[in-house]
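Colleague: Assemble the whole structure, with the sequences as input and the hints as a guide.
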Amino acid sequence: MRRIVSVLLENESGALSRLIGLFAQRGYNIETLTVAPTEDHTLSRLTLTTVAGDDEIEQITKQVNKLVEVVKLVDLSEGDHVERELMLIKVKAKNDQREEIKRVADIFRGQIVDVVHDAYTIQLTGTSEKIDAFVKALPQDSVAEVVRSGVLGLSRGEKALSI
Amino acid sequence: MEKLSGADMLIRALQDEGVEYLFGYPGGAVLHIYDALFNQEKIKHILVRHEQGATHMADGYARATGRTGVVLVTSGPGATNAITGIATAYMDSIPMVVISGQVQSHLIGTDSFQETDMIGVSRPVVKHSFLVKEARDIPETIKKAFFIASSGRPGPVVVDIPKDKTNPNDLFEYKYPKSVSLRSYNPSQKGHTGQIQKAVDLLLKAEKPMIYSGGGVILGEASNALTALTRKLGFPITNTLMGLGGFPGTDQQFLGMLGMHGTYEANNAMHHCDVLLAVGARFDDRITNTPSMFCPNAKIIHIDVDPASISKTIRADIPIVGDVAVILKEMTDLVNNKKSKKPDKTLISKWWDQIALWREQDCLKIKRTAEDDQIIKPQDGVKAVYEATRGEAFVTSDVGQHQMFAALYYPFDEPRKWINSGGLGTMGFGLPSAMGAQIAFPESTVVCITGEGSIQMNIQELSTCSQYELPIKIINLNNQSLGMVKQWQDMQYEGRHSHSYMDSLPDFVGLAESYGHKGFKIQSRSDLEPVLNEVFSIKDKLVFVDIMVDPKEHVYPMLVAPNGSMRDMWLEKGVRT
Ligand SMILES: Cc1ncc(C[n+]2csc(CCOP(=O)(O)OP(=O)(O)O)c2C)c(N)n1
Ligand SMILES: [Mg+2]
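Read top to bottom, the protein sequences are chains S and A. Each step along the first sequence adds one to the number in our numbering, with nothing skipped, and position 2 is 2. Each step along the second sequence adds one to the number in our numbering, with nothing skipped, and position 134 is 134.
Simulated from the structure, these hints should not be mistaken for lab results. Be a bit skeptical, because a hint or two may be false.
Claimed, not checked - Pairs of lysine to any residue, SDA-like flavour, derived with a Cα cap of 20 Å:
{"#": "1", "chain 1": "A", "residue 1": "K367", "chain 2": "A", "residue 2": "E572"}
{"#": "2", "chain 1": "A", "residue 1": "K312", "chain 2": "S", "residue 2": "M1"}
{"#": "3", "chain 1": "S", "residue 1": "K66", "chain 2": "A", "residue 2": "P307"}
{"#": "4", "chain 1": "A", "residue 1": "K299", "chain 2": "A", "residue 2": "H192"}
{"#": "5", "chain 1": "S", "residue 1": "K66", "chain 2": "A", "residue 2": "L182"}
{"#": "6", "chain 1": "S", "residue 1": "K62", "chain 2": "A", "residue 2": "I314"}
{"#": "7", "chain 1": "S", "residue 1": "K62", "chain 2": "A", "residue 2": "R315"}
{"#": "8", "chain 1": "A", "residue 1": "K312", "chain 2": "S", "residue 2": "Q63"}
{"#": "9", "chain 1": "S", "residue 1": "K62", "chain 2": "A", "residue 2": "A308"}
Since we're looking at a predicted model, the values are computed, not measured.
Modeller: Listed below in structure tokens is the structure:
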């Protein structure tokens, strides 16, 4: 099962490599990873997705929690949550394909953020599934370049992950 | 406020932390620190012969005393040489602080002379590590390092200090913090009351109970609490290799060690029990044999300070996280409480009858034919050492058959007396760890039970022993082979002894004497007792005893693997359950 693990981490050099190293060392996989400082600059917020069974995710959360620089951790996939991913995609768009690609982007509420005569750069946010679906919906061989942010998430409701 | 250099602050911080001994070796990156050491007398520096030796000495010191062992090494090769010892301490959760010099800050990342990314190299084998960025942070960093190393589940902490941060010309205000708090690190202390009550209720209903305790009991200073509870309940108990001495080894309730080379009665009692109380143990693969076949009928209570150890390999029915000593004491109080149900000895009398039958197997009996009457079995050697020291010595070991024989034939009645590398299984651990124990307890008898393979992995420390006059007794169970490797080759590779012999051995007696020590060689069984009595009457000198033992002996019992449970054991060559 896919899990979204969200971590508050001391914003110190070395903390990230320790966390990533732990995953490599113990043979856990990382599908996506994103990290940036929070409103409190002494803390970073890290979100990663991994595929793990119940026993494995229990071990992962316990092991990550043991790292001295990990302040708090939550497995978002355990409860109701909102998740988003951002994609920037460069699509080859010539002549008759230009209209078609623009239409698909509109359907998915994508924004065209750069235009040249034979390409569009489109920005899209949504769940990972929506982004996958958009890429699939584009005309074959039109994709030139893709960059995705990895999953971000927050739990629903008023509870917040903070110290 | 007084002003000190980074190097002086470091030494002052160590003094203020109460450090007595520093095990180290100098080099370019730590020269300022060594100069600061030169000007003081509080901390005694032990100059080792190899940095691996320094880490094992600090480790042995920590295991014998419960205090944090401290190491000082230079950058690059000094730091990498320390890695095996750091990993050894990590696997056995030993409190240790390793201070490594680093190249100057502006040279980091340029492949400069003797530069190694020590934080990176050590990362998988430390509890935590610090790279000192500002010299003024040194006192607080040292305080944090000791706090993290010694609290919760202990472990090694590396403090990497670039040379410029110890520059004698840069002065800072020195103040050693009284305490530290880390918002991200709160080792949990108190066990959950409801869970503890549930555990006691389950234990009092058990008909085939078993207690299994490990190194956590030693590290958590919980032997008294464990002994009190076990006696109160009247249950059988076994200790892991790391947990020996957690409960008195000569007590009737003790079934001996369990696991890969555990006793017949301990392993069987584990397999057949209906309630298992696991304390400060981690269900490691050398214990459980095939996990899916482990304790098929048991409800499992697991007490440990580290939540990640619980339900890692074997799911616990009643997990309790916290300080083992406190939790065991609470359990004993509950059992003693007037209102609660009393332990009912009749409920478990059939179970003790069954255990008595298993004991009749006499699995540790030394098997000897009439011809080999004078051949010394390695077990004879250990037993003779036990007699000669009345079971009161600190005993360290290396890794191999001799280690298992020591664990099985030298019962320990007290914690911290048995010192061995259980988790990493590091050959070369025995001598330096004995040195750490001897330094901590100069008046006590310290024995290193080793093999001719292992002893050669850190034999250079014989020189350090002369320098600091450490009267260790080295018992070399010399089977002229890498016995444990050979045993596996006998059992699994049809006796093809690929590179498991030890050729070109030195004359160990002569070697010891060349360092100024005494040496004895024993070749006949009848010499064991008299020579060992003489050896242990020598109080002021290191003695190297080279005992020529039967090279064909195997360690038994031995769990049958793969696909075996804990009741499946080899009992002697070709004989299994
Ligand atoms: C550093 C290291 N290298 C290799 C091993 C693998 N190993 C385990 S036991 C053993 C043989 C040890 O020989 P010896 O010290 O003579 O002990 P014996 O088994 O003969 O009693 C070896 C090579 C190890 N544990 N540690
Ligand atoms: Mg040997």
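Colleague: Please go over all the hints and tell whether each is borne out by the structure.
Modeller: These are the hints, each one checked on the structure:
With a C-alpha separation of about 9 Å, the suggested pairing of K367/A with E572/A holds against the 20 Å cut-off. Distance check on the hinted pair: K312/A and M1/S sit about 19 Å apart at the alpha-carbon level, within 20 Å; holds. At most 20 Å may separate the alpha-carbon atoms for a hinted pair to count; K66/S and P307/A meet this at roughly 9 Å. Between K299/A and H192/A, the direct Cα distance comes to roughly 18 Å. Compliance with the 20 Å bound is thereby established for this hinted pair.
Taking the CA atoms of K66/S and L182/A, the gap is near 13 Å; set against the 20 Å cutoff, the hint holds. Simply put, K62/S and I314/A have alpha-carbon atoms about 15 Å apart, close enough for the 20 Å limit, and the pair holds. Among the hinted pairs, K62/S with R315/A is consistent with the structure: their alpha-carbon atoms are about 14 Å apart, no more than 20 Å. The hinted pair formed by K312/A and Q63/S meets the criterion: a straight-line CA distance of about 10 Å does not exceed 20 Å.
For the hint pairing K62/S with A308/A, the CA-to-CA distance comes to about 5 Å; that is within 20 Å, so the pair holds.
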